[in-house]
Amino acid sequence: MPSAVQSVDWAAVAPPTLVAVLALFLLVLDTFLPPARRQVTGWLAAIGLLGALGLLVPLVDEKHETFCVPGHGLVLPSCSYVVDELTLVFQALVLAGAVVVVLLSMDTVRLARIPPGEYWFLLLASVTGALTLAASRDVLTLVVSLEVVSLPAFALVALQRFDGRGSEAALKLFLVSVVSTAVMLFGLSLIYGVTGQVFLDRIATSLDDPGPKEPLLVVGVILALAGFGFKVAAVPFHFWAPDTYEGAPVPVAAYLSVVSKAAGFVGLALLLTVGFPPYADIWGPTIAVLAAVTMTVGNLAALRQRQAVRLLAWSSVAQSGYMLVPLGAARVGHVEDVLPATVAYVLAYGVMNLGAFSVVTLVGRHRPANLLADYRGLARTEPLTAFALAFALACLAGLPPGLLGLFAKVVVFRAPVDQGVGWLAVVMAVNVVIGLAYYLTWAASLYARPEPGAHPPSYRISWSDGIAVGVTLGAAVWLSVAPGLVLRFS
Amino acid sequence: MSTSELLLPLLLALPLAGALLLLLAGGPDGDRLALPVGLGASSLALATSVWAAASNPATDERWVPELGLRFHLGIDGVSAPLVLLTTLLVLLCMAYLVRVRPEAGRLRALVGLLLLLEVGMLGTFLALDMLLFFVFFEVVLIPMWFVIAQWGDDQVPGGRVRAANVFIFYTLLGSALMLLGILLVGLSAGTFDLTELAARGGAGLSHRTQVLAFLAIGLGLAVKTPMWPLHSWLPDAHTAAPTVGSVLLAGVLLKMGTYGFVRIAVPVLPDGAHTLAPFLGAFAVVGILYGALACLAQRDLKRLIAFSSVGHMGFVLLGISTLTTTGINGALFANVAHGLITGLLFFLVGALKDRHHTADLEVLGGGLYERMPRLGGLLAFAAVASLGLPGLAGFWGEMLTLLGAFDPAGGLSRPYYLVLMALAGTGVVLTTTYFVKVLRVVGQGTSFRAWKDAVLLRDASTHELVVWSPVVVLVVAFGLWPGWLLAATTPVVRRLLGGGA
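Protein chains in written order, with our numbering: chain A, 3 to 492; chain B, 5 to 505.
FYI, nobody ran anything at the bench for these hints, they're computed from the structure.
Be aware that one or more of the hints could be misleading.
Computed far set for chain A versus chain B, every beta-carbon distance over 12 Å [said to hold, decoys possible]:
{"#": "1", "residue": "THR68"}
{"#": "2", "residue": "GLY75"}
{"#": "3", "residue": "GLY335"}
{"#": "4", "residue": "ALA375"}
Partner residues are not named here, just some residues of chain A that face chain B (Cβ under 8 Å, in silico) [what the hints assert, rightly or not]:
{"#": "5", "residue": "VAL412"}
{"#": "6", "residue": "VAL413"}
{"#": "7", "residue": "ALA427"}
{"#": "8", "residue": "LEU442"}
The C-beta atom is built at its ideal place from N, Cα and C for all residues, glycine as well.
With the rest of the complex left out, here is chain A (with noise of 0.2 Å):
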């Protein structure tokens, strides 16, 4: 009988616990800071974050596993949180990804008389599930980790108290997520109920059986399905989106469609590559239907916004069809060859979505409607702001200048390519060139003549949204240029 003592790996979870340690230390500190002191918690949080990014780095070399469960005869040892190459990706857009948002966030919690202590501790709590989220292995911690991840969020989107918006975009959150968390709990279950198992490598192992498949556990995947969905926006779980961004502080808006997004693609992604491959041939045609009627709904919506926050939000519901599309395009046996395709689309795309929602943040500081007519001519006025969200937005559409943007399409166009799925690549290629339509109008508006008698915004650029803009554009050209980090995976 092996012991039932487990000595657990401190360095691979050190940097969701330093992250959650931080959010409580920071709730507390707050309520001891006189009121004109309470800035310095933003900063603490960031430098946290900084911190936990930097304990990232002693665990590249070498595969981290703990929580671990003893294997007994042929079945292997497994293990709940596994820090290998894909959750180290994935740590890393995620804690650098709320480095920016806690930097835009700065300026959005004095300004909107937000409590300060509240709304950093609840974004890290948020940020902690969503670090354990890309180290489980198990659909429990998954399942517990996801559920971490949005609870704080629906708060985070209410914290604007006085504002009616906040409640409501919050209620909406909250209902589509209480929906389908219960969908893909009871899908879960099934599954579980079928194979007896938790963890995600043993339940492939009893799935890869080469007898019909069982119509219980078909149902269980699909349904397993539903709760990822609606973390990525994927239709018909997006309706919460533009309502939801809208309606909350524009960085936090920011958070949910870039790191919040991308947990839910890590998710995903291991739910289905992990647990589930050799199902490959009912989930790959599913999704691949869900990411060509995502794009295309997300894009078609978006054409119509007259709003910028609710355009981004349209947008990042296509791009998630554009983030699903490897995924759709995977067979039994091929599933490990896509995966690396959406890593590096999720990776590129949280970059440029983040350069966008900075320059939105800004302009919103002193456009409170944020509408895409107060874009017009902002070149003229604040010319290296405009030029940041031009080149973010050109990224977006996946064109020249914005190379990262080229390349990631690149990658994604390949996987339905290399796997036979043509029409998926076709319905994809169409909604590029719709999705240009609204992304170079909006570009274009910065260059354009202000409309007579109307003053482009002008103004002070804190240090906190400085560099937040500087770091994301900073992020975008080098990418441009040399991509390879992001790309490595694929």
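Starting from the structure of chain A, add chain B where the hints point.
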């Protein structure tokens, strides 16, 4: 790296540096800086391109190993004429802007975008990696969109922004399909390198893959060329674009499509080309006839020349579709000749339009020869060059193309191509008809009173003549000594068509 390895990157870096300098450096003095930088960068680029064409350098560096994308550039007899055409026309456009300022102002941004365009055009012609070709193919889109949408002319139906949008959406849809084709080839063959793939000559690619890939890549290139019926973006874009924009659009951008056929589609996918060449030839001939007939119906001179491009590019495509050395040589010759002649035509019509603020044939009326003899004479010269008068550059391309169609490659139906040849011949007659009509309506006769009384209507200035003269000289030179160009292209075309066939 040795000097010769640095030469081609330098050729791209010069206009890029100029563009970045102008587009990113703000400040009120920007407009004064624009032309010195523009002229400097583009003349250095011209000098570098001449040097490169003479020394045949190559560069092959890793860029994005994860995608299999290599920074592989090279220059040979097929690309060199187009590279020189690009650098020459860009320099002439810059020189033209010295005196003829755009009405919409913002010279700095315009010059910067033109330099950015030059980077994309040169890169497309130099790329020897399919993905790199695609990247450069896309580079031109956004600068050209801005040139049309910001400096364009609103007299087209729907306005200049619509014209620019139609241009970019059409091209992007085409190039997205082209990317799918490129990926299909690259992933099946295991490499994106064009020298490697051309040397294999389609070996290792199944017939189905080749046909599919040729279809996808061909559609993308056909939109750019443009091939009837995918041409409908072109008339509005040309008509709306400012003079320098039309010159580069007609002179260089269209050639990126036909060049892609010669560089990628035909040599890499010979089976696919053989299967689909008859269709390509048919569409090409419809384009020739349609373009000519459409020209007869045009009132706007700029639009007329745009439609004449559809016809001329039809000849180029017909030449390619014969899959013979003669036909493709003719196509390449017609490519360069069209670039020069139509570039000149757009310069001339732009000058007419700047003076009269209209390009409507009825409003312009007759009497150009008496009113502005130099401009009128040049217009007559360009028109007869364009209709293919022997002794000028336009003649040889069309003749070689028809000759190629007379004796198409083995496996292609000869009677079918003879029919195509006969129809294309009719197109030549129609082309003559509409150009003669233009000269009669605009050139001959007497001027309307309104133009007679206008004080500001000056004939072509010395500055304009200086800018245009290199093109005129080249049109005559290539007409009299076509061997210069053919000597450069023939060996390369033989190699691309597969082992000295």
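Evaluation of the provided hints:
1. THR68: The assertion about A/THR68 holds, with a minimum of 31 Å to chain B.
2. GLY75: holds (41 Å)
3. GLY335: holds (17 Å)
4. ALA375: Answer for A/ALA375: holds, closest chain B Cβ roughly 16 Å.
5. VAL412: holds (6 Å)
6. VAL413: holds (7 Å)
7. ALA427: Result: holds, 5 Å to nearest chain B Cβ.
8. LEU442: holds (7 Å)
Violated hints for the displayed structure: none, as all numbered hints are satisfied.
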